[in-house]
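**Q** Listed below, chain by chain, are the residues.
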Amino acid sequence: MTDGSLLRNSRFLAGLFAVVVGAAWGLASFSMRDAALGDPNAPKYFPWLVSGLCVVCGVALIVSEILKPGVAHLVTWEFTSTHRAALIGSAFGVLYALTFEPLGFIASTTIFIGGISFAYNGVKRWKANIITAIGFAIIVFFIFTWLGKPLVAFPEF
Amino acid sequence: MIEILQNLAYGFTICLTPENLLYVTLGGAVGTVIGMLPGLGPATGVAVLLPMTYFMGPTGALITMCGIYYGAMFGGSRASILLNTPGDGAAVAACFDGYPMARNGKAESALAISAIASFIGGLIGAVIFVFAAVYVARFALRFGPGEYFALMIFALVATASLSRGNLLRGLVSTAMGLMVSTIGLDGLTGVDRYTFGFLELMGGLDFLIVIIGFYALVEVYKCANPKTVTRQVQTKFGPIWITKEEWRRCLMPILRQAPIGFLIGVLPGAGGTMASMMAYSNEKQLSKTPEAFGKGEIVGLAAPESANNACSIGALIPMLTLGIPGSGVTAVMMGALLMLGLQPGPTLFQDHPDIVWGLTASMFVGNIICAIINLPLASLLVRVLSVPGRILYPSVLGLAYLGIYAISDSAFDFYPLILFGLLGLVLDFLDIPTSPFILAAIVGNMMETNFRRALKMSGGDMGVFVNSSISIVLYLLTIIILLLPLYRSWRARHTTVPSAV
Chain A
1 MTDGSLLRNS RFLAGLFAVV VGAAWGLASF SMRDAALGDP NAPKYFPWLV SGLCVVCGVA
61 LIVSEILKPG VAHLVTWEFT STHRAALIGS AFGVLYALTF EPLGFIASTT IFIGGISFAY
121 NGVKRWKANI ITAIGFAIIV FFIFTWLGKP LVAFPEF
Chain B
1 MIEILQNLAY GFTICLTPEN LLYVTLGGAV GTVIGMLPGL GPATGVAVLL PMTYFMGPTG
61 ALITMCGIYY GAMFGGSRAS ILLNTPGDGA AVAACFDGYP MARNGKAESA LAISAIASFI
121 GGLIGAVIFV FAAVYVARFA LRFGPGEYFA LMIFALVATA SLSRGNLLRG LVSTAMGLMV
181 STIGLDGLTG VDRYTFGFLE LMGGLDFLIV IIGFYALVEV YKCANPKTVT RQVQTKFGPI
241 WITKEEWRRC LMPILRQAPI GFLIGVLPGA GGTMASMMAY SNEKQLSKTP EAFGKGEIVG
301 LAAPESANNA CSIGALIPML TLGIPGSGVT AVMMGALLML GLQPGPTLFQ DHPDIVWGLT
361 ASMFVGNIIC AIINLPLASL LVRVLSVPGR ILYPSVLGLA YLGIYAISDS AFDFYPLILF
421 GLLGLVLDFL DIPTSPFILA AIVGNMMETN FRRALKMSGG DMGVFVNSSI SIVLYLLTII
481 ILLLPLYRSW RARHTTVPSA V
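Just so you know, the protein sequences line up as chains A and B, in that order. First residue of the first sequence: 1, per UniProt numbering; consecutive thereafter. First residue of the second sequence: 1, per UniProt numbering; consecutive thereafter.
Isolated chain B (complex conformation):
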């Protein structure tokens, strides 16, 4: 315990340097603005702005990206409250009661409670992170290639199952992502795979191309419309604050939904949308006046805001401690870390404590900064919502291409980027989720390497995959997730038949 607090104090000495303070402020402000813009969620924001962080060093880059991440979580609800247009999935729940509040002349209270709830949720998430991350990382040090393979199978199946609720479609997406991960030279034998004669593909396909194609390009294609008009948005407000009565009613929902949001964030594939929806639903069920929900009930705004910010911090746990990103945003961050020469995982805590603890401390500082940005400066920031799509979307497209160029220094990568933009639309049309694809494209290589390494170490004995309790538990969890949809449909059949009769 003392050791953790000492490490956290050390983190604050890193985070509070003028340079890193500037980065966290910059990240929080840019993230808030990006989060507000419809269609541009945190994943797109981090992906498109990634090249800007290359020159900051690992700690600065990670602090900035995290700032963008939770800044976007703060900002996402602004558009929900004022325009009924969520910036991303996690901000959808904020529309339910935030927009009615604004329509009822309570925009100030709505903006204030969303920022306050996000702030408290973020702080609770950061506190849990401090204590949980170290223990998860220590535990993960016991993992060998066999355990890692089992963990990746579990993460992939969980993501496939949770991302849009259809396991088969999720597994198709996973398989396609794994296919992409096989492109390039095979690390163990030197055989080139699926390079189709292109030398540029020998090193493999950078998964950031997949991410930027799926997020930035697809979102621009969906939003770009010749009829895009400037949106009318309220920009003049009274004092952005809440009454004592509103505070009293919101405090408990904020406090109880934050830990739940954090736990959902830790699950691979779950994410902010699920966290905020679950928080909304929980509070509606607990409320004495559930009929008020959807008509401007302040608790219906506070609870999801708290949960989705805590969730964004929870999502960092699997990425930093296990090297398995559980969401699109953490996938982009992991890509950035790999590019900076750092391998996320348990050894990161031992080898680079400055980065890990600097980042952890920045979560506290970042949340305070985001609250400052989102309370007094709210009326200034919401003017961003008036930026016309005709300027915004071509610029985002340009940044997406340049982001790819900054990674590879080659215009050749524009071609796969175009292909993944189109593939993203095809998958969207077929209702195939993209999160499992992205996760598989990232971990595919590691998964194959661990699989072959484990077999090599055991002399070809397949028993190596089930000879540890960790692997067995992970496989059991995977089987449960696979069987869950069957159980649900069986139960649904069982419960509907009597009522039909």
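If we strip away everything but chain A, and leave its shape as in the complex, we get:
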């Protein structure tokens, strides 16, 4: 732990994460309205219970790490292709959510799949990326329509 491994140990980090999430969830429950009938705190008991469980397990993980440092579980963090894919995927996901209804299914899906394909595969494969994007949007549109779940193809003005 003296070489900074405490912060890099997944057991410690997992415990810290659990404590933060559990405490935040528990604290947020205090902003809930009281129940109008019966026990006013009735809707809060269960969230308190699970927040408490999360915090207790988190503390136990931290304590167990401090008492018996687990070098076997050391983790290091570096920016990998997985993180890059997640960031790009999430960014295009937000864009998809914002454009899905205003632009209609075909345009928004083509942008989404096209953007992801370009980001994941590079510009060199531009033909395959464009064909995948347009092909996916059109094929899925027809499958959904055939299955009785029509999508709005283009924006309605």
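A portion of the hints provided could be inaccurate.
As the list claims (entries may be wrong) - With a straight-line cut-off of 25 Å between C-alpha atoms, the simulated SDA-like cross-links for lysine to any residue are: (1) B:LYS106 / B:VAL136; (2) A:LYS149 / B:TYR54; (3) B:LYS456 / B:ASP431; (4) B:LYS222 / B:TYR415; (5) B:LYS222 / A:GLY115; (6) B:LYS222 / A:ALA119; (7) B:LYS456 / A:LYS127; (8) A:LYS149 / B:LYS295; (9) B:LYS295 / B:GLU246; (10) A:LYS149 / B:PHE55; (11) A:LYS127 / B:ALA292.
As the list claims (entries may be wrong) - A short, non-exhaustive set of chain A residues, derived as facing chain B with CB atoms under 8 Å: (12) PHE17; (13) ALA23; (14) TRP25; (15) LEU27; (16) ALA28; (17) CYS54; (18) CYS57; (19) ALA85; (20) VAL94; (21) TYR96; (22) PHE100; (23) GLY104; (24) ALA107; (25) SER117; (26) ASN121; (27) THR145.
What the hints assert, rightly or not - To be clear about the criterion: a stretch of chain A counts as covered by chain B if any three or more of its residues have a C-beta under 8 Å from a C-beta of chain B, and this derived list gives those stretches: (28) 31-45; (29) 131-144.
Please keep in mind that the hints were generated in silico from the structure rather than gathered at the bench. This structure is a prediction, so every number in the text was calculated from the model and none was measured. We put the beta carbon where it would ideally sit given N, CA and C, even for glycine.
Please arrange chain B on chain A, whose structure you already have, making use of the hints.
**A** Only chain B this time, still in chain A's reference frame:
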């Protein structure tokens, strides 16, 4: 007994209609293909293809999903044998001897025995299911709110304990899943909880968002790589079959590991990976030539294949009879059933015998169809392994988003989907298992409702939770599971000290 066989015959009349036969074939074929693709296991496959089943009616939807499930179990080993890349965790054991067999020029035997073992394992699982499910369902009719609460505690703790072997991390995951289940209007008081002012969250967060986020998005993020290249895979084979000698050696391992796989499937949180690993380990211990394992021993491929297919059928027992999904795939199926207006549990057998027995019969038919798909058509199907990731992964991502849209008709749900995709990566980094999270997100609401209902019925007396023998047994089992890691570490300390001295 006669009644069960009559019901099964009735199930066959439902399953063998042209429409349902088409669904089971479609499910088996699609599942086989999905199972082959690295990273896309049965849970992702069922989750992503779920919207396609909405229009089939409950029986058709369930038959198709189950077809995908055991199709994926059949297909999962193809990539293990030919590429040393398992489609999912349950197919990892198939790499140990399947890939060496292919390297030794025995790819045909490996493909054949994996399909034959999966087929026999699936059939044995289906036979046990027919007799076990009815009795479990009848027994479960005795459960009241207190017993259900105890059962859910047991299922959650067992899943937390078994999913990755670390109880504390599993419990953290369980607690987080239960937190997600508290989002939305409280059914008993009408108070909105954790909606953060979003009207869209009033109805709660659909747990399929959690499942698709954790499985589909995380898998795509992990696999998507600009350097993804087309994999070279053998596509030309001789006759895909085994010799008499190979058959003689494999038969007993297949027969004895199938029931064990089935039992592991019934346990919440255990699943195909554990079943196949245990089968492999059992056969290695029983073998007269354990040193041959890992070098292309056909028994080392047959045993796990049989166990993991039987396990996939065993996993349906808690979901259908108790309403408690024990694995990611059955969780998705349960979500689909709830969406179709059906409540899985003991009453399903009474209220919808057509669905239950149609599904049961489809297990036999589905396994036969999967065997047909995986034996003569193997050389055709393995070409799927050549599909480049650059086409596959953006398409899976697109299907994941559209699956969510098909459920809610709202693009708002894309935001929580993105969040759960990222959370899945964080949990993976911290080595926190996701199966307990998913199970807790699903049963959390039922658990809270049963807890409060039991208290209401007893007038606030906490004794209601321990006043039946069923509850007491379940709590005792829960305590045993909680104490097991402590006992193991105590025993490990006790056995290592003398040797150190």
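**Q** Taking each numbered hint in turn, which are not upheld by the structure, reported in ascending numerical order?
**A** 1, 3, 7, 8, 11, 13, 15, 23, 24, 27
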